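Start from the sequences and build out the full structure, keeping to the hints where you can.
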Amino acid sequence: MKLITYLFLLFPVLMFAQNITYSGIVRDKSSGKPIEHVSISVYDSNIATLTNSEGRFRITVPASAKKINFNHLSFDRLDYVFTNQTEDITIYLVDSSFDLEEMIMYNRPIKDIIKEVIDNSKAKFSKDVKLNTYYREMMNVDDKVYSYADGMLNYYFKNKSASEVVVDQSRALVFNDDFKNYEDAPIKFYLLDLQTIITSAFKFDRIWKIVKNKNYDLYITGKKASDGRELKIMYFEPSDGNLEDYYKGTMIFDEEKKLVLEINIELSPNHIKNLKEEGRLIYKVHFTDIKFKQIFNDTDNRYFLAYDSRRIRGDVKISNHRFSVGGIHELITVNSTITNEKPEPKKVYFEKTLDVLGKNYKNRFWENQNVILLNQKEEEMLKKINN
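At position 148 of the sequence shown the residue is numbered 148 (my numbering), and the sequence of numbers has no breaks.
Note that these hints are calculated values from the structure, not bench results. The model shown is predicted, which means the values in this text are computed figures rather than measured ones. Worth double-checking, as some hints may not be accurate.
Within a straight-line C-alpha distance of at most 20 Å, the following computed EDC-like cross-link-like pairs (lysine to aspartate or glutamate) qualify [claimed, not checked]:
1) Lys111 / Asp28
2) Lys130 / Asp184
3) Lys224 / Asp193
4) Lys209 / Glu116
5) Lys317 / Asp112
6) Lys212 / Asp119
7) Lys203 / Asp112
8) Lys276 / Glu244
9) Lys122 / Glu256
10) Lys122 / Glu244
11) Lys223 / Asp315
12) Lys377 / Asp177
13) Lys377 / Glu367
14) Lys212 / Asp177
15) Lys29 / Glu102
16) Lys214 / Glu266
17) Lys127 / Asp112
18) Lys144 / Asp119
19) Lys273 / Asp300
Label pairs and their in silico Cβ distance ranges [what the hints assert, rightly or not]:
20) Asn360 / Lys66: 15 to 21 Å
21) Val94 / Pro269: 28 to 34 Å
22) Leu243 / Ile20: 34 to 40 Å
Cβ coordinates follow ideal geometry from the N, Cα and C atoms, glycine included.
Shown next as structure tokens:
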């Protein structure tokens with residue numbers, strides 16, 4: 001009987017020992033500054049995470065894991081071999097010594113080259129996949145934080161044409177201090193939609209719409225990193241005299257593997273005047289700031305969406321109500337599984353945001369899951385959520 005009791009007491013310890021949590025910070029070796037958006041992936045596994053705006057990270061891995069990879073397109077890749085050290089570790093990345101960028105002249109249209117890269121990137125994604133993700137969103141009204149929510153979300157895909165979302169755990173807080181103008185409006189206005197994030201990323205629809213638009217100027221440069229990587233960067237901006245379009249940005253890709261690695265889209269200062277007020281049912285909105293960023297990781301013979309963020313700001317008119325609204329969402333893939341599994345219909349989530357769920361968690365997932373860590377300012381702001 002004593003032996004059985006001992007085994008029951010030991011069992012949770014053994015289960016816990018199957019996973020080890022590492023945390024730390026990633027810095028630029030030359031300047032010592034923290035590096036944001038470093039993709040961190042575990043070899044022989046689909047486990048991954050990302051550094052936050054302060055370069056900090058936390059990742060929980062199986063005890064059998066041997067090493068992790070730190071990957072950022074502006075720095076040399078680095079493999080970290082696991083030790084028994086579980087306290088904070090500091091990772092130093094070496095700034096890539098790129099050769100001088102040179103514009104590349106092709107004997108065929110750039111659009112055709114990019115189409116090949118996008119088509120191949122689509123094909124590299126798995127057709128039947130379940131993505132375990134960490135997602136967070138924040139909404140500002142008149143330059144004050146109105147709501148914050150985050151959670152562990154599972155996205156189910158079939159042939160990359162549609163997705164179903166299940167919210168495993170989440171937490172949310174609405175700050176009702178001084179938002180009477182917004183609260184009294186006849187409808188609630190949302191700038192972001194969590195339902196479309198992964199599907200849009202899998203289709204590359206936003207960047208392809210820009211590339212095939214004849215009113216955009218495109219050119220490609222090439223550069224080689226000190227670790228041997230040869231990257232191509234496509235730059236885009238509306239043509240001079242373009243009175244309709246307003247985005248500029250870059251798409252970084254590996255031409256040899258034909259894989260998209262990073263997409264950055266923002267408003268062009270020279271064409272922001274092209275943004276017009278949009279009428280939508282009973283409200284009007286004039287966007288004043290838009291930014292999109294996607295990072296795709298190609299590590300250990302795996303290709304996956306590592307990070308997706310959208311930042312949008314606009315001025316809204318609803319009846320007699322006027323206010324500015326800003327929204328941000330960030331999503332990282334923390335694990336993925338090739339599976340035909342389908343979610344239970346009653347668990348599928350259809351709302352655009354998480355803030356309607358309130359406290360919807362079984363444990364403090366933000367402390368024990370592979371999430372994007374909050375920076376110091378965010379931690380101060382969100383103390384209310386954890387009470």
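Do the hints match the structure? See the list:
For the proposed pair Lys111 and Asp28, the alpha carbon gap of about 35 Å is over 20 Å, so the pair is violated. Simply put, Lys130 and Asp184 have alpha-carbon atoms about 40 Å apart, too far for the 20 Å limit, and the pair is violated. Annotation: proposed proximity of Lys224 to Asp193 is violated, straight-line Cα distance about 37 Å (limit 20 Å). Distance restraint check for Lys209 and Glu116: the Cα-Cα separation of roughly 15 Å lies within the 20 Å cut-off, and the hinted pair is therefore satisfied.
With a CA separation close to 42 Å, the supplied pair Lys317 and Asp112 exceeds the 20 Å bound. With a C-alpha separation of about 14 Å, the suggested pairing of Lys212 with Asp119 holds against the 20 Å cut-off. Taking the CA atoms of Lys203 and Asp112, the gap is about 17 Å. The hint holds against a cut of 20 Å. With a C-alpha separation of about 9 Å, the suggested pair Lys276 and Glu244 falls inside the 20 Å cut-off, and the hint holds.
Note on Lys122 and Glu256: the hinted pairing holds, with a Cα-Cα distance of about 16 Å set against a maximum of 20 Å. Restraint check for Lys122 and Glu244: the C-alpha separation of about 29 Å exceeds 20 Å, so the hint is violated. Under the criterion of a C-alpha separation no larger than 20 Å, the hint pairing Lys223 with Asp315 is inconsistent with the structure, at around 40 Å. As the CA atoms of Lys377 and Asp177 are separated by approximately 19 Å, the hinted pair is consistent with the 20 Å bound.
Taking the CA atoms of Lys377 and Glu367, the gap is near 17 Å; set against the 20 Å cutoff, the hint holds. Only pairs whose Cα atoms come within 20 Å are accepted, and Lys212 paired with Asp177 is rejected, the gap being roughly 46 Å. Of the pairs offered as hints, the one joining Lys29 and Glu102 is violated, with about 26 Å between alpha carbons and a cut-off of 20 Å exceeded. Restraint check for Lys214 and Glu266: the C-alpha separation of about 19 Å stays at or below 20 Å, so the hint holds.
This hinted pair does not check out: Lys127 and Asp112 have alpha carbons roughly 24 Å apart, beyond 20 Å. Note on Lys144 and Asp119: the hinted pairing is violated, with a Cα-Cα distance of about 41 Å set against a maximum of 20 Å. Restraint check for Lys273 and Asp300: the C-alpha separation of about 44 Å exceeds 20 Å, so the hint is violated. Evaluation of the 15 to 21 Å hint for Asn360 and Lys66 yields a failure: the beta carbon distance comes to about 36 Å.
Checking the proposed 28 to 34 Å range against Val94 and Pro269 shows it holds: the Cβ atoms sit about 33 Å from each other. Separation of Leu243 from Ile20 is about 57 Å and departs from the stated range, judged on CB atoms against 34 to 40 Å.
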